[in-house]
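Asker: Make the full structure from the sequences, and use the hints.
Single-letter residue listing:
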Amino acid sequence: MGLKTFPGGIHPHDAKNFSKDKAIEQMALPSKIVIPLSQHIGAPAKPIVKLGDEVLAGQLIAEAGGFVSIPMHASISGKVTKIGKFYHPTGTMLPGIEITSNGEDKWVELDDDKNYLDLDATEMKNRISAAGLCGMGGAGFPTHVKLSPPPDKPIDTVILNGVECEPYLNADYRIMLEQADEILAGLKIFMKITNAQKGMVGIEENKPAAIKHMKQLVKKEKDISVVGLKLKYPQGAEKQLIYAATKRRVPNKGGLPMDVKVVVQNVGTAIAAYEAVRFKKPLVDRVITVTGKIVKEPKNLKARIGTFYGDLLDFCNGTTEEIGKVISGGPMMGFAISTLDTPMTKGSSGLLLFNRQEAAKDDEHTCLRCARCVDICPMDLVPCLIANSVRYEDYDMAEKYGVMDCIKCGSCAYVCPSHIKLIQWIDIGKIKVSEKRVKK
Amino acid sequence: MSDVYAVSAAPHIKQKISVGSVMWQVVLALIPALLAGIFFFGIQSLVLTLYAVVAAVITEALIQKLRNVQVTISDGSAVVTGMLIAFNINTSSPWWLPVVGSVFAIAIGKQIFGGLGFNIFNPALLGRAFLVASWPTLMTAGWRATQPMSKIFQSSINGLQDLPSNVPAVVTSATPLGVAKALRDSTQVAPEIAETVMNSLSSTDTLQNLFWGNIGGVIGEVSVAALLIGAAYLAWKHIIEWRIPFSYIATVFVLTYIFGGINGLFSASIMLPVFHIFSGGLILGAFFMATDMVTSPVTKKGRLIFGIGCGILTVVIRLVGGYPEGVSYSIILMNIAVPLIDKYSLPKVFGEVKK
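Heads up: the protein sequence lines correspond to chains A and B, in order.
With the numbering used here, the residue at position 138 of the first sequence is 193, and numbering never jumps.
With the numbering used here, the residue at position 161 of the second sequence is 162, and numbering never jumps.
These are computed hints drawn from the structure, not numbers from a lab.
All C-beta atoms, glycine included, are put in the ideal place defined by N, C-alpha and C.
Treat the hints loosely; a few may be bogus.
What the hints assert, rightly or not - Heads up, incomplete: computed chain A residues facing chain B, CB under 8 Å, no partners named: (1) G120; (2) T394; (3) D430.
Answerer: Spelled out as structure tokens, the structure:
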């Protein structure tokens with residue numbers, strides 16, 4: 056089939072079978088939710104509701120905190136019962152708004168603009184911005200910012216990311232099977248906004264059904280193609296996906312896809328964009344995979360933003376054995392969280408449960424310099440040397456080794472025979488180098 | 002308040018691989034060569050190897066106890082060192098020779114630097130270098146011919162019958178590399194005779210003997226075939242990678258082809274480089290010693306430079322140096338250069354902007 060890919064990478068067991076064939080199910084309406092004010096990269100949103108306010112589902116409750124920021128909306132109808140700090144999927148406590156349901160699920164009025172594709176680009180973008188869209192693949196970059204390249208950076212290609220290279224997760228796979236029309240509509244919206252001539256949907260080869268289905272659908276679209284990609288992690292990382300699909304390399308040291316005339320959006324974001332532009336529907340729900348060997352009934356759930364992970368797990372009838380680790384996202388880049396009282400956000404693609412044994416920690420050995428990490432690094436870095444320079448607090452050296460270019464895919468730590476927490480060291484390095492740059 | 006779970010940094014899944022699994026697979030890969038050693042030189046090969054391994058493991062455990070650190074003899078790395086030490090020894094050696102080599106290799110080659118991962122030199126090679134410097138005759142002379150008697154020496158010696166008596170005396174007690182060396186260095190050998198012998202060295206017969214292991218020498222270097230089986234296994238398991246062995250062997254091939262003949266540049270037959278590659282410790286060195294992960298460069302480009310450097314030094318020592326064989330010294334010398342090589346061979350980052 057002529058599958059495309061990128062240099063480097065690893066082959067973890069994809070573990071998708073737990074929930075691969077589970078059709079998307081509507082999650083029961085939660086009795087309480089928390090909308091974190093930071094669900095994205097950029098400034099936190101600013102609350103515009105007070106304690107005790109009655110809100111409708113879809114109602115604006117916090118406005119964007121700047122251009123690189125997004126507004127937040129109530130995902131259920133009910134009463135604002137707390138504004139304060141709550142557990143956040145990144146592992147810290149962050150500000151949010153708690154809403155207790157009145158059980159009615161009353162919505163703000165939505166439009167239905169059947170000729171939505173005739174709208175001009177600015178209006179489309181405004182609707183996307185107003186709906187509070189951010190990347191739903193995990194990083195959470197505000198969507199309207201991605202769609203607003205400066206005039207000197209023309210875009211010729213929009214790539215939809217349907218790779219879902221994280222093991223265990225199936226949210227993107229399921230929507231590609233069940234909501235492909237909406238994904239395509241979203242892609243057309245993105246192409247219109249960015250004035251791109253070409254649209255692509257990148258899908259990994261372990262999802263043949265999705266590839267077949269999407270290919271069938273784009274048959275009559277002459278500008279849109281489906282790109283089959285080799286099964287390799289991190290195939291879905293933005294730079295690696297762009298390279299595989301177009302052979303273009305996003306420049307390092309802070310280069311962006313727009314520098315190579317590309318915009319990448321997650322397939323889930325495409326659906327959200329379609330709903331935002333056609334119905335003016337804010338982003339208040341998404342599909343999330345709840346999975347793991349110990350989950351009684353792994354599911355792909357359409358759930359409201361702000362639903363607690365604990366409620367999602369209860370809806371899947373809990374676990375068969377004691378929980379060892381709770382992961383928000385996939386096993387390669389997701390965050391281990393300390394409590395199930397954590398709400399899901401717009402970027403939550405998965406809730407993964409491990410038992411004690413799967414969560415067991417390995418002792419760290421000294422580096423053998425075996426260079427397995429060097430051989431698989433998709434960014435062509437030398438992870439072992441970066442980690443070592445951070446360990447010995449030589450941050451200038453870490454910077455020279457390219458610590459800031461690391462995409463934190465975790466492949467190096469995955470293959471390390473010494474079980475060195477390379478990403479942890481690299482993360483420290485990134486923080487220290489950023490601090491140093493700010494000081495300058 | 003619900004349960005609180007332990008957290009840790011991503012990734013949360015890991016390949017099933019550990020330092021121990023890597024090292025034990027190297028041990029496994031050395032077994033074919035050990036079996037070849039036993040086949041050609043008898044059970045003494047196994048006995049000496051066991052002496053070396055036991056000495057290495059005990060030394061490691063003792064020193065780690067003394068240093069008050071975790072005893073890690075179960076990871077197999079001391080076993081590898083012990084086996085490699087024994088592989089550099091011939092079967093007529095006394096039992097204490099491999100023991101001394103192993104103790105030195107582990108104590109001075111490895112633990113003094115902080116143990117596995119911190120050592121600068123390949124411990125086994127350092128151990129061998131110590132033995133060669135201390136007991137040169139035991140290490141390089143008195144080598145037994147293989148039990149299925151070596152035809153190669155017969156043919157070489159037949160060609161040498163007219164030589165002054167001192168030359169064959171050197172030849173009979175040495176490996177084919179020693180023969181080659183003696184021929185190059187001796188001024189008493191008539192050129193035609195020297196050429197005949199050189200030709201017999203690189204004859205198909207000789208090369209076949211070298212490949213299967215029918216030559217005199219040390220335990221582990223005897224059979225190229227057995228070593229290659231182990232190397233193929235390691236390559237298959239992604240424990241060694243092609244760059245170092247390839248660049249090392251290719252360099253030796255090219256340089257011995259150019260400079261290896263006795264009548265000036267390019268006077269060697271094309272089979273002479275093959276002879277150089279199959280004899281001595283080159284195969285063992287290129288696949289099992291130069292590739293030692295701790296003491297070789299981590300960058301891809303660096304590994305090529307490292308291999309080329311080892312190749313150049315090996316050929317220089319073999320052709321113009323004082324020893325017939327130069328694999329171990331060339332690798333030790335290149336070990337020193339590893340940090341420098343890494344520093345100047347950093348890869349270009351994906352998408353690196355040209356300045």
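Asker: Now tell me, hint by hint, if it's right for this structure.
Answerer: Taking the hints in turn, this is what the structure says about them:
no.: 1; hint: G120; in the structure: violated (27 Å)
no.: 2; hint: T394; in the structure: holds (6 Å)
no.: 3; hint: D430; in the structure: holds (7 Å)
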